[in-house]
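Visitor: Sequence:
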Amino acid sequence: MNKYLATSLDKALSIIELVLDQGRDLSITEISEKLAMGKGTVHRILSTMKEHRFIQQDGRTKLYGLGVRTLEIGAAHKREVFLRKAIIPFMQDLHERCGETVNLAVWEYNEIRYIHRLESEEMLRISTPAGARFAGYCAATGKIFLSYLSNEDIRQIYGRKNAFKKYTKRTIDSVDALIAEIEKVRVKGVAVDDEEALSGVYCVAAPLLNPKGECVAAISISAPKNRVSASVCATFAKLVAETGREITSSMREQ
Numbered sequence: 001m002n003k004y005l006a007t008s009l010d011k012a013l014s015i016i017e018l019v020l021d022q023g024r025d026l027s028i029t030e031i032s033e034k035l036a037m038g039k040g041t042v043h044r045i046l047s048t049m050k051e052h053r054f055i056q057q058d059g060r061t062k063l064y065g066l067g068v069r070t071l072e073i074g075a076a077h078k079r080e081v082f083l084r085k086a087i088i089p090f091m092q093d094l095h096e097r098c099g100e101t102v103n104l105a106v107w108e109y110n111e112i113r114y115i116h117r118l119e120s121e122e123m124l125r126i127s128t129p130a131g132a133r134f135a136g137y138c139a140a141t142g143k144i145f146l147s148y149l150s151n152e153d154i155r156q157i158y159g160r161k162n163a164f165k166k167y168t169k170r171t172i173d174s175v176d177a178l179i180a181e182i183e184k185v186r187v188k189g190v191a192v193d194d195e196e197a198l199s200g201v202y203c204v205a206a207p208l209l210n211p212k213g214e215c216v217a218a219i220s221i222s223a224p225k226n227r228v229s230a231s232v233c234a235t236f237a238k239l240v241a242e243t244g245r246e247i248t249s250s251m252r253e254q
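Each residue of the sequence shown is one higher than the one before, counting from 1 in the working numbering.
Just so you know, not all the hints are guaranteed correct.
For lysine-lysine, the following PhoX-like pairs were computed, each having C-alpha atoms within a straight-line distance of at most 25 Å [to be verified]:
(1) K50 x K39
(2) K161 x K188
(3) K225 x K238
(4) K225 x K85
These are computed hints drawn from the structure, not numbers from a lab.
Modelling step: build the complete structure from the supplied sequences, incorporating the hints.
Guide: Here's what the structure looks like:
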């Protein structure tokens, strides 16, 4: 990041922090005085943040407050904290039962993002850092989220040219093949990534549903392909499906 962008970002964050700390809407003059920042600069940054919904302006008072996007980020963080707190005990139990890496993922911008993981204690293990992202069409957790969309929505997301990138020779590379795969996920209730996102890696995932029946997260088991026989695949699918149902039941009770 160049120096100009870094400085602009620092000023934008300072404005957001000021509005948050003050607990009320502010005028350009107030922001300028409290941050020792020129009014022109304040106005320019506020205009940019308004476009991206991080700041909003009251049409009557003309004062500036936190925008919808800022509140959405706060809500997303709160949701992830809740998910981790509610789900980690179940993840730990699954981890002990399967002996492999267990992952928790959420859906963002047609990708999956891992928000927590428990690594296998084996010397050779799958290590996916928290925050890592994968394309939705090739990760088992991504297929879980896609199974809760309509085929029409899937075509809208992946029907465009160059929508698919081949990460391995087994990666799905057409919308028709993806929909056929998602139909299987809907029937089985679990999704499999058999060396589609990463060569040598096998993964099976299950959905976590909120009280409305919406898929809010997915849990998965990842293991080196050479440790996963057909019987192990079946066992992992059963374990992750059971855990998914247990977590879903727990969230409905909270």
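Visitor: Which hints from the list above does the structure break, by number from lowest to highest?
Guide: 2, 4
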